[in-house]
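To convert, note that position 123 of the sequence shown is 123 in full-length UniProt numbering; the numbers rise steadily by one, no gaps.
Hints listed in this document are in silico derivations from the structure and should not be mistaken for laboratory results.
Computed from a prediction, not measured in an experiment: that's the story for all the values here.
Among these hints, one or two may not hold up.
Capping the alpha-carbon separation at 30 Å, the derived lysine-lysine pairs in BS3-like fashion look like this [as the list claims (entries may be wrong)]:
{"id": "1", "residue 1": "Lys96", "residue 2": "Lys386"}
{"id": "2", "residue 1": "Lys96", "residue 2": "Lys68"}
{"id": "3", "residue 1": "Lys361", "residue 2": "Lys324"}
{"id": "4", "residue 1": "Lys353", "residue 2": "Lys301"}
{"id": "5", "residue 1": "Lys338", "residue 2": "Lys353"}
{"id": "6", "residue 1": "Lys404", "residue 2": "Lys141"}
{"id": "7", "residue 1": "Lys361", "residue 2": "Lys159"}
{"id": "8", "residue 1": "Lys108", "residue 2": "Lys386"}
{"id": "9", "residue 1": "Lys141", "residue 2": "Lys295"}
{"id": "10", "residue 1": "Lys242", "residue 2": "Lys192"}
{"id": "11", "residue 1": "Lys271", "residue 2": "Lys116"}
{"id": "12", "residue 1": "Lys307", "residue 2": "Lys361"}
{"id": "13", "residue 1": "Lys159", "residue 2": "Lys192"}
{"id": "14", "residue 1": "Lys295", "residue 2": "Lys96"}
{"id": "15", "residue 1": "Lys386", "residue 2": "Lys301"}
{"id": "16", "residue 1": "Lys404", "residue 2": "Lys159"}
{"id": "17", "residue 1": "Lys307", "residue 2": "Lys338"}
{"id": "18", "residue 1": "Lys68", "residue 2": "Lys116"}
{"id": "19", "residue 1": "Lys307", "residue 2": "Lys295"}
{"id": "20", "residue 1": "Lys301", "residue 2": "Lys271"}
{"id": "21", "residue 1": "Lys108", "residue 2": "Lys271"}
{"id": "22", "residue 1": "Lys68", "residue 2": "Lys192"}
{"id": "23", "residue 1": "Lys295", "residue 2": "Lys338"}
{"id": "24", "residue 1": "Lys242", "residue 2": "Lys159"}
{"id": "25", "residue 1": "Lys307", "residue 2": "Lys271"}
{"id": "26", "residue 1": "Lys96", "residue 2": "Lys242"}
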Amino acid sequence: MNMAKEDVNGGEGEGESSINIDGATVEQVVDKVDDLTLAQDSSETGVQEAAKKKKKNKNKSKKKKEPKQQTDPPSIPVAELFPQGNFPEGEIQQYKDDNLWRTTSEEKRDLERLEKPMYDSVRQAAEVHRQVRRYMRSIIKPGMLMVDLCETLENNVRKLISENGLQAGIAFPTGCSLNWVAAHWTPNSGDKTVLQYDDVMKLDFGTHINGHIVDCAFTVAFNPMFDPLLEASREATNTGIKEAGIDVRLCDVGAAIQEVMESYEVEINGKVFQVKSIRNLNGHSIGPYQIHAGKSVPIVKGGEQTKMEEGEFYAIETFGSTGKGFVREDLECSHYMKNFDIGHVPLRLPRAKQLLATIDKNFSTLAFCRRYLDRIGESKYLMALKNLCDAGVIQPYPPLCDNKGSYVSQFEHTILLRPTCKEVVSRGDDY
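Given only the sequences and the hints, what does the whole structure look like? Please build it.
Written out as structure tokens, the structure is:
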């Protein structure tokens with residue numbers, strides 16, 4: 001019996017999908033059909049697997065890249081953690097009473113939109129401050145050499161802020177004043193001071209982007225005996241922040257701070273002390289590349305009647321003391337800063353001229369310390385530095401001390417009086 005080529009499905013076919021059964025037995029035909037079926041199944045399975053793989057790859061590509069997380073210890077620049085430049089906003093506090101209308105004013109919101117680049121700069125500096133202090137809080141222990149503590153902190157700031165000359169970096173030397181020393185102490189090179197369990201250390205450091213400075217400080221004490229002293233200055237600072245605002249008189253902020261500060265007592269080694277506001281220390285306004293921009297925020301009543309204004313930055317800082325509540329200059333100087341308004345001053349010493357050129361290039365009108373001069377390769381500069389101070393070009397800032405044996409605590413935040421609200425730019429989940 002002759003049969004034409006027939007497709008396994010009954011239709012006409014050709015090539016490999018057809019069976020030539022001329023002279024074939026039934027068993028051979030059945031085997032051939034089975035082989036073709038297996039080949040078809042295998043082909044379909046391969047297509048399905050390829051489709052699944054393609055779909056999987058498609059889904060994989062759809063997944064968003066995970067945002068970078070900071071390492072421990074921190075090593076990733078903050079700008080890389082926020083590649084879109086949307087740095088975290090600080091704590092927002094609404095204005096009160098006569099300024100409540102600002103919250104919903106479209107005109108004021110438009111003003112804020114114009115200032116966004118500047119806001120982004122200061123928020124970036126604030127985020128660096130938060131991340132560095134978080135790390136430092138985790139490693140500060142009794143027994144640390146103070147110079148090592150400062151250099152660890154400063155190197156982390158340089159890394160996270162992507163230090164770049166005068167565009168980004170450290171705003172002023174790391175203050176780590178101990179016990180009765182209230183401010184302006186940092187170790188000079190070779191200093192062997194070691195942090196002790198019963199020390200009260202004020203850690204005051206600053207960051208800046210394009211000269212927009214974040215000035216923020218906190219106090220470290222290992223002995224819980226000092227907790228009320230720390231709480232006094234922390235709550236006094238928060239009170240000052242709450243009272244501050246557009247058109248608020250500086251003296252009113254000072255009165256509110258003093259009332260809270262001096263409501264605290266602390267018992268130290270069996271003796272009770274009332275916590276006092278240090279009457280000759282103040283908060284201050286901040287300007288571009290200018291840590292003290294002219295206005296002072298007192299921390300006692302009876303200060304000046306000057307008002308705060310829209311758009312201003314302020315460092316609200318308070319100092320609580322178990323001593324006299326009054327500081328004087330003492331100890332070896334480490335902090336220096338070029339006079340902001342100084343014009344041309346003729347200098348006779350060539351070495352002084354050379355040192356001033358170095359200071360202008362590296363610090364401009366930002367504060368610096370001797371360790372920073374050492375770091376950039378300056379040596380044998382003390383005579384030239386003294387000459388610059390004597391000429392009024394550079395201002396020395398010696399440590400400020402209450403009476404020996406007393407203890408001082410400090411807390412500080414930088415605030416911005418935005419047109420629509422008050423932003424505590426340096427606020428973190430720690431304080």
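Margin query: Checking each numbered hint in turn, tell me which of them this model violates, lowest number first.
Written below: 1, 2, 3, 4, 8, 9, 10, 11, 12, 15, 16, 21, 22, 24, 25
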